[in-house]
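Asks: In case you want the letters, here they are:
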Amino acid sequence: MDSVSGVPQPALSVKPFRDPVHMEKTTTQPTEQSIRLEIADLNFFYGPKQAVFGLNLKIPTHKVTALIGPSGCGKSTFLRTLNRMNETIRNTRVEGKVLLDGQEIHQMDVVGLRRRVGMVFQRPNPFPKSIYENVAYGLRVNGFKGRLDELVEKSLRRAALWEEVKDVLKRSAFALSGGQQQRLCIARALAVDPEVLLLDEPCSALDPVTTAKIEELMFQLKDSCTMAIVTHNMQQAARASDFTAFMLDGKLIEHSVTSKLFTTPTDPRTEAYITGRFG
Amino acid sequence: MSAATTTMTREVPPKSGLRAFVDKLKGGDEIAHLITLTAAAGIILITSLLVLELWRTSQLSRAKFGWMFFWTKVWDANFDNFGAAPFIYGTLVTSAVALAIAVPLGLASAIFLSELAPRRLSDIVSFLIDLLAAVPSVIYGLLGIFIVVPLMRTTLGPALKKVLGFTPLFAGPNYGVGFLTAGIVLAIMVVPFIISVSREVLLSVPREQREAALAMGATRWEATWQVVVPWARTGIMGSVFLALARALGETMAVTMVIGNNPQISASLFAPGYTIASVIANEFTEATGDLYLSALIELGLVLFLMTFILNGLARILIVATERGGGRPA
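Chains as they are written, first to last, in our numbering: chain A, 1 to 279; chain B, 280 to 607.
Simulated from the structure, these hints should not be mistaken for lab results. Model, not experiment: these values are computed from the prediction. Beta carbons: idealized from backbone N, C-alpha and C, even for Gly. Please note: incorrect hints may appear among the correct ones.
Label pairs and their in silico Cβ distance ranges [what the hints assert, rightly or not]: (1) Thr-88(A) - Ile-587(B): 38 to 48 Å; (2) Leu-595(B) - Lys-145(A): 51 to 61 Å; (3) Asp-409(B) - Gln-103(A): 43 to 53 Å; (4) Thr-88(A) - Asp-409(B): 53 to 63 Å; (5) Leu-595(B) - Glu-150(A): 33 to 43 Å; (6) Thr-88(A) - Leu-595(B): 41 to 51 Å; (7) Asp-249(A) - Ile-418(B): 23 to 33 Å.
The following residues of chain B were derived to be distant from chain A, with all beta-carbon distances above 12 Å [to be verified]: (8) Lys-303; (9) Lys-305; (10) Ala-320.
Derived list of chain B stretches under chain A, where covered just means 3 residues or more per stretch with a C-beta under 8 Å from a C-beta of chain A [as the list claims (entries may be wrong)]: (11) 309-318; (12) 357-365; (13) 519-529.
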């Protein structure tokens, strides 16, 4: 655990575990639209094959930005560059800038970056541990020593799961249903109080009722988190996001306020996609 | 063409019982069922016959020594006095030494090969490791005689004595052959099993598990040790028990380096004997029905030990799965 405290941490972790209730005051600028993540001229390569082409995008603070597009358009790949998760894949290369609160993420310590930019994956992937230990894992791994119980409860509450699991915290996480597991994964990601939450098709393995719960949850989390969600489901993008970006063949085609993108798209390709003519 | 034939057969009106049966067989389901059932039943049959035969032929010895056979320390053919204790002890101690060396070594290698080594290197090395697992045990015995025994006599033994000589484990004279030497040779023999199986298990851990840990700010090592290895622990334990089973039953290599002396000694330097090696050594020379019967009862004891240890292994796996188990 000490290995984490040994490496240089980004400035923000000097006062760790900010209270999400009061965070608004400290981190949000009073300006109309502050930008949490700014992506400039981003290219990404799997070996010789380019997957993302010169992408520019601004992800506003405390909003949900949805990334839509047909399979293989590079939206997941793009999302995974935002917490440098693609670095775990061999033979990949990234060019361009990604600024988190004005700081270049490729110059940050990767461990510290991932604490600030949490991620929820396509399929629920709880650890083979108890429900409690799943949530506590991120805290432990970041060297947090203190009242674990409190933070675990808080994270589970934020993920709207507390009421369902408060009596079975010691039970294996695999005893939960798929939707509960996914909310547990969200709670696990929230435990370290990230500024940004990346969601990579978080509902693709879930039924509509559970999906609605996750969307509701995203709405509540907007107060404390900036979210970017990759989704195949255009209704979901329309329902749950404030901004939508449409990607095609590794390029960003259109990016605007969600209601505008779905009602009056400017690019004919966007229109073709959202009206279901391909993809 | 074949479709047409099938249709024609189907259209033939109900026919004699034999024809109907043959037609049914053509479907393949019945045949597959029959063949697999026979194979499965065969395994049960062979195991039961084995136990039955050991039980029957050890009758003489069982009648004479009863339960005392387990804790009698004497093995004296001249006076027809036989006890299994030194052999049980030797078998357990050599296997324990082997696992104590092979488990950390094997697990570390498996982690390196699955998590850190480039994939190509990992594949080449694990091919070589699989070859090692296929080397006949008498070859390992020779390796023991020509390398491990002299090493133990001249270098390793004295060094251990110097550092740990104050414990009874490393006290007493060091002849080069004995429990420790046998344990080391066994460790070399079983480590390929642990590496090979553990590596496969570690490689099969879902990518999402690793990424979930990394995404939360775990370092690569933390992700490996706290998430990937626990996920794979059932399989890793499986590899350890496979290794244990091999170590318990290993005959040739152990016989060549253990010293073949039926005694119970706290010192790992002391010569000993194991069940498998005493059976191999003395079976052809056993004179007298009781002698033969006692050797066969030793075989029964070894069977029982393997059975009990495997049972304990199952319980251990079930116990560790509880509270954090992953779906089967």
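Asks: Against this structure, judge whether each hint is valid.
Replies: Comparing the hints with the structure gives:
Separated by about 43 Å at the C-beta atoms, Thr-88(A) and Ile-587(B) satisfy the suggested range of 38 to 48 Å. For the hinted restraint 51 to 61 Å between Leu-595(B) and Lys-145(A), the CB-CB distance of approximately 32 Å leaves it violated. For Asp-409(B) and Gln-103(A), the hinted distance range of 43 to 53 Å is satisfied, since their beta carbons lie about 49 Å from each other. Evaluation of the 53 to 63 Å hint for Thr-88(A) and Asp-409(B) yields a failure: the beta carbon distance comes to about 28 Å.
For the hinted restraint 33 to 43 Å between Leu-595(B) and Glu-150(A), the CB-CB distance of approximately 35 Å keeps it satisfied. Between Thr-88(A) and Leu-595(B) the C-beta distance comes to about 33 Å, which lies outside the given range of 41 to 51 Å. Separation of Asp-249(A) from Ile-418(B) is about 59 Å and departs from the stated range, judged on CB atoms against 23 to 33 Å. The beta carbon of Lys-303(B) is kept farther than 12 Å from every beta carbon of chain A, the shortest such distance being approximately 42 Å.
The claim that Lys-305(B) lies off the interface holds: its Cβ sits roughly 42 Å from the closest Cβ of chain A, which is beyond the 12 Å cut-off. Under the 12 Å C-beta cut-off, the non-interface status given to Ala-320(B) relative to chain A holds; the minimum distance is some 35 Å. Coverage of the region 309-318 of chain B by chain A is violated. Counting CB-CB distances below 8 Å, 0 residues qualify, and the rule asks for three or more. With 0 residues bearing a CB less than 8 Å from a CB of chain A, the region 357-365 of chain B misses the requirement of three and the coverage assertion fails.
Residues of the region 519-529 of chain B with a Cβ under 8 Å from some Cβ of chain A number 0, which does not satisfy the need for three, so the listed coverage is violated.
Hint check: violations occur at hints 2, 4, 6, 7, 11, 12 and 13; the rest are consistent with the structure.
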